[in-house]
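J.: What follows is each chain in one-letter form.
There are 4 protein chains.
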Amino acid sequence: MTYKIAILGASGYTGAELIRLIATHPEIEIAALGANAKAGQSMASVFPHLRHLDLPDLVKADDIDFSQIDLCFCALPHKTSQEVIRELPKDLRIVDLSADFRLRDPAAYEKWYGNPHAAVEMQKEAVYGLTEFYRDDIANARLVAGTGCNAATGQYALRPLISAGVIDLDNIIMDLKCAVSGAGRSLKENLLHAELSEGYHAYSAGGTHRHLGEFDQEFSLLAGRPVQVQFTPHLIPANRGILATVYVHGNAQQIHETLSAAYAAEPFLQVLPFGELPSTRHIRGSNFCHLGVVADRIENRAIVVAALDNLTKGSSGQALQNANVMLGIEETTGLMLAPCFP
Amino acid sequence: MTYKIAILGASGYTGAELIRLIATHPEIEIAALGANAKAGQSMASVFPHLRHLDLPDLVKADDIDFSQIDLCFCALPHKTSQEVIRELPKDLRIVDLSADFRLRDPAAYEKWYGNPHAAVEMQKEAVYGLTEFYRDDIANARLVAGTGCNAATGQYALRPLISAGVIDLDNIIMDLKCAVSGAGRSLKENLLHAELSEGYHAYSAGGTHRHLGEFDQEFSLLAGRPVQVQFTPHLIPANRGILATVYVHGNAQQIHETLSAAYAAEPFLQVLPFGELPSTRHIRGSNFCHLGVVADRIENRAIVVAALDNLTKGSSGQALQNANVMLGIEETTGLMLAPCFP
Amino acid sequence: MTYKIAILGASGYTGAELIRLIATHPEIEIAALGANAKAGQSMASVFPHLRHLDLPDLVKADDIDFSQIDLCFCALPHKTSQEVIRELPKDLRIVDLSADFRLRDPAAYEKWYGNPHAAVEMQKEAVYGLTEFYRDDIANARLVAGTGCNAATGQYALRPLISAGVIDLDNIIMDLKCAVSGAGRSLKENLLHAELSEGYHAYSAGGTHRHLGEFDQEFSLLAGRPVQVQFTPHLIPANRGILATVYVHGNAQQIHETLSAAYAAEPFLQVLPFGELPSTRHIRGSNFCHLGVVADRIENRAIVVAALDNLTKGSSGQALQNANVMLGIEETTGLMLAPCFP
Amino acid sequence: MTYKIAILGASGYTGAELIRLIATHPEIEIAALGANAKAGQSMASVFPHLRHLDLPDLVKADDIDFSQIDLCFCALPHKTSQEVIRELPKDLRIVDLSADFRLRDPAAYEKWYGNPHAAVEMQKEAVYGLTEFYRDDIANARLVAGTGCNAATGQYALRPLISAGVIDLDNIIMDLKCAVSGAGRSLKENLLHAELSEGYHAYSAGGTHRHLGEFDQEFSLLAGRPVQVQFTPHLIPANRGILATVYVHGNAQQIHETLSAAYAAEPFLQVLPFGELPSTRHIRGSNFCHLGVVADRIENRAIVVAALDNLTKGSSGQALQNANVMLGIEETTGLMLAPCFP
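Chains as they are written, first to last, in UniProt numbering: chain X, 1 to 342; chain Y, 1 to 342; chain G, 1 to 342; chain R, 1 to 342.
Calculated from the structure, these hints are not laboratory results. A couple of the hints might just be wrong.
Since the list gives no way to pick one copy over another, a pair counts as held whenever it fits inside one copy or between any two copies.
What the hints assert, rightly or not - Here are the computed lysine to aspartate or glutamate pairs in the EDC-like style, where the Cα-Cα straight-line distance is at most 20 Å:
no.	residue 1	residue 2
1	K38	E189
2	K111	E299
3	K188	E276
4	K111	D57
5	K90	D65
6	K4	E266
7	K111	E276
8	K38	D168
9	K4	E331
The task is simple: from the sequences and hints, build the whole structure.
T.: Structure below.
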């Protein structure tokens, strides 16, 4: 059987990445591509790398006949997404790639995003889209909220450790190194090649990055008590990749065993042999996440390093994985592409 | 039906690229991976980006049982390749990715490569592997010689024009911009990141690059008289891609029409609308070649620009395309992956 | 003696580069920095890499007391520059880095820039700022027009050859590879790191790039008859550098001798030994231009390659060199910094 | 007065960087350049970016007449350095850029470097070359040991805090992001452009990196009791720069005040306003170190970020700064070059 899908926000990087992946998917057909600002244009003119594909032209979201659509991906900017989704048919299955439905608590949403939520009821309905940990809920969900790319990376490193109680919850530091495509196709001075190339820096340090809202929500839920982590993202001169270096207090061997056991059956989460460390170059363009554990020379300290591609496992790949689960398709379909190296 | 293949030279970039592509191929199974210097190692240790695949360990070429192999890819260094292939079973189908069997004339081989050929009879038997132009010969070939990556790019830009007689054969200049993976995984000072990044230069200028041997052979054959082109490659700080800017004398509109007609039915050769120009970023990681034509302000001068990925269409993708033809598999199988952008 | 200078347009890359160079200049003092849109800000906030310098804050151009200024650098956008310069005191010495006063002929200006010139009389007064060829005129000039960065590169490769009559004037092809800082600090999608990095392409091909106006003007003047060259720029994923690969008809040895003789006494123009080729990495951040000559295998064909830093020798370094000449300071003062490699 | 210096190991990156800096130094003259493997070659052939300088050709160290040399820079590989320095005249002033004389304790040296020291007496004599903290000792030293580039970065962030007792000594985590030139011009697979570009990873994690020996020595000395830090370096796809993100327990405002006070009179150590963070792009090619402090949302936690150029402030710039002190030259001479951005 073939399912018809629509993508809203098809002219951004996550929209393009969804199309790249779906192009190899035997059971999903792209029926409509929405991009209000570029409606009327062909995808080949917006993304020439997709010119070999037979794709529908871009249209305004309002011009899509959703009665013919089995599932809709929303790759829209934050805040726009909730306003658009609120108006979509109430029985349409939706995978949202924005931040709008990640936080269940309206107060938490308002705290981190600075405005009241425009679709509070849907906020409650939405299922958090970290597939490996919400698989059953996702299978039955109508609206799935894709996780933040940083939030996904950190959670893959930490969730099993928090659940198993093998680390100190009050001493968790996440130092993230993020490639630039996570900032999207937006025109900002600091995203120019001449600015970014050959230099790197920390940003949103000290507990101000919005993905902390997700960490707080999920880790506290897992632990059954409030958990606050330290989290510093850094912008690195590369296009794809997130590398999370996580400093924890705990026994490194036990941590490695806990992660290995938790992910033994997961096709996309690969725990390296003890002492080996991942690299973003080895997951680029793929839906895989590589994890490594090293013991520190200081007793009871360990380092967990996780690497994934922010556009794939951190966003569009995760979205397709969730769509597969929602539509009853084998979960890995269209997602087993090997990383592109070098 | 599933065909079993072997790859000799699996620890280099073109070997890894073959595996990346074949991993999505439903009719080909990787039965053996040869790499003499790294025999005994797992592919995950040599290329961690392939660790999710269930691949055989690396072995010495001598330890492969070729009676079980339907086709062998040789991704070995130049000169080594002819010595290894000479010893392989005489009924084994082979796609060679090295330069060893590209030139049919032993004298031309010796001129460009500096040593007498070690397998002269096979040199005559080999079919030149530019699929779109030697398709029928390849279907019946035992030994196919993959073209040089630069040679492929230039030929896609020029062959139909030479055949159609629409350009001046004595005024052809090819200025190529080549990414660094074309140099392979070899340890040379000028390939270090600290040397190459942020800088670029011309090399092998003035008619000394070995791929000229292929241009001379093929263009002269097409034209029915000796043709010599000018060809200057440049090393660019990027990992994948070749961009050929070809300066010709002729009518630009006629040139565009000639290329468009010649490639109308070719799945991988995409001629852009007149006046549009390709970019290497839009073919990265794919088997596509984008071509554009622009008229110069000087009458009867035109510029043809061709872009392809040296590791895919310029090497391993072309090799798989040829293997498909040799094995009677649909030619595009395993090769329709969209480019990876950004 | 110390001269006081002002810089208008100090918040752009060429403004910052001027300050970087002047910071080591013992006879020039920065008295005023103009940047209308950022007036009131400190340079440290606009360009943190200059924070160690004791610089005046940015002000509006109108708020500068030019009676205290010995020379003014205008690093403003094209078209804005002529409007601002028109209103400056008529006895103020000016080095303009924009394109506005490069073309002497109002009709040529209008043809290439699409609008009538707003200060036609000054257009006639302006001296073309290619220091090595207009040194005497510059010494006596009030208004010097800095050349285009591409135009400078091509002229260094070709002017002595045209003057000496050693190349065919009807067969000159310039293939340029340009780094991205030449596009300035402007917010355009194709200048984003995620777009540009790892890819490259030709642009303004076929005779449409504005720097052709300079080539036409200067080469025709030198030759005493109309000369038209072919010129294709390419955008390369690097921040600084222009590499011009110039294809000419002529005797390579004679060409090398002509260039070597012409530049024997020039401190910034370095002709490499015959057969050696320059690289942009070896001039990065400096005022040097490296030139190389190679013979082609085809008789009477040669390749001249020139490399310079578009922000330094191609723009701000050239501007400072001209200012030195205008102020009677030793020409190389502040400009002998070695390139920054790696 | 002009001092004559020699550089041993002039064919490596730190040797070239020394020459780049000294080229602008009015009181130092380069009298001899040693490079055993490349003896007889010109610097222009080894480092074409230095071709405009009038430099002596490379010679073997044994062929240098040290009686004419006022000070010798040793930019040799670790272990080679101690063997060479042992044989140099005993009254020759030496600045060593290798790791060989950084650790005062022979046992600590053997622990971190794996071999007994070959010049134990000199090990005791050597002064640790972190200029700002050992200035008086350096002025009187015969042999100064340049610090590790990572070790310098971390110490600039932490020394005043340890001295002032404003942070918890048992909870210090340093997460470093290092550019590739720190690895030198060595031929290793993971330093190739095709390997490194577009990817990044942690290495020597868990307390195995040799620069920990310096941290242990210096921090324990300062604190008057053993101090052990956690330290994870990461290799970033850039050529120059180290960014240290340091996680400490303490009051962020107090930490900022402590650093600001400690460095108020230091020309090269620039503390940014509270809450601002540095970037490697803003110190590239210069001898400056930028430091920033941010408070975390968790009480009593702070983040200190330090950025410097590993080849300049982290190595050759520091070496020249020390040489100035040793020779009685104004300390900043030849070192005030502005960073090269973009």
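J.: Classify it for me, K38 with E189: is the Cα-Cα distance of at most 20 Å met within a copy, between copies, both or neither?
T.: Classified as between: cross-chain Cα gap 14 Å, same-chain 23 Å, threshold 20 Å.
J.: Indicate which option fits the pair K90, D65 if close means a Cα-Cα distance not exceeding 20 Å: within, between, both or neither.
T.: Only inside one copy: K90 and D65 sit 14 Å apart there, 60 Å across copies, limit 20 Å.
J.: Can you tell me if K4 and E331 fall within 20 Å by alpha carbon in one copy, between copies, both or neither?
T.: Within one copy only: 17 Å inside, 28 Å across.
J.: Within, between, both or neither: how does the pair K38, D168 come out at a Cα-Cα threshold of 20 Å?
T.: This pair counts as neither: shortest intra-copy Cα distance 50 Å, inter-copy 42 Å.
J.: Have a look at K4 and E266 and pick one of within, between, both or neither, based on CA distance no larger than 20 Å.
T.: Neither way: K4 and E266 sit 27 Å apart in one copy and 28 Å across, limit 20 Å.
J.: One pair to classify: K111 and E276, alpha carbons no more than 20 Å apart. Within, between, both, or neither?
T.: neither (39 Å within a copy, 23 Å between copies)
J.: Give the relationship of K111 and D57 under a CA distance limit of 20 Å: within one copy only, between copies only, both, or neither.
T.: neither (38 Å within a copy, 37 Å between copies)
J.: Regarding K111 and E299, is the shortest C-alpha distance of 20 Å or less found within a copy, between copies, in both, or in neither?
T.: between (38 Å within a copy, 19 Å between copies)
J.: Since the copies are identical, ignore which copy is meant and state whether K188 and E276 lie within 20 Å (CA to CA) inside a copy, between copies, both or neither.
T.: between (37 Å within a copy, 19 Å between copies)
Checked against the numbered hints given earlier, the structure breaks hints 4, 6, 7, 8 and satisfies all the rest.
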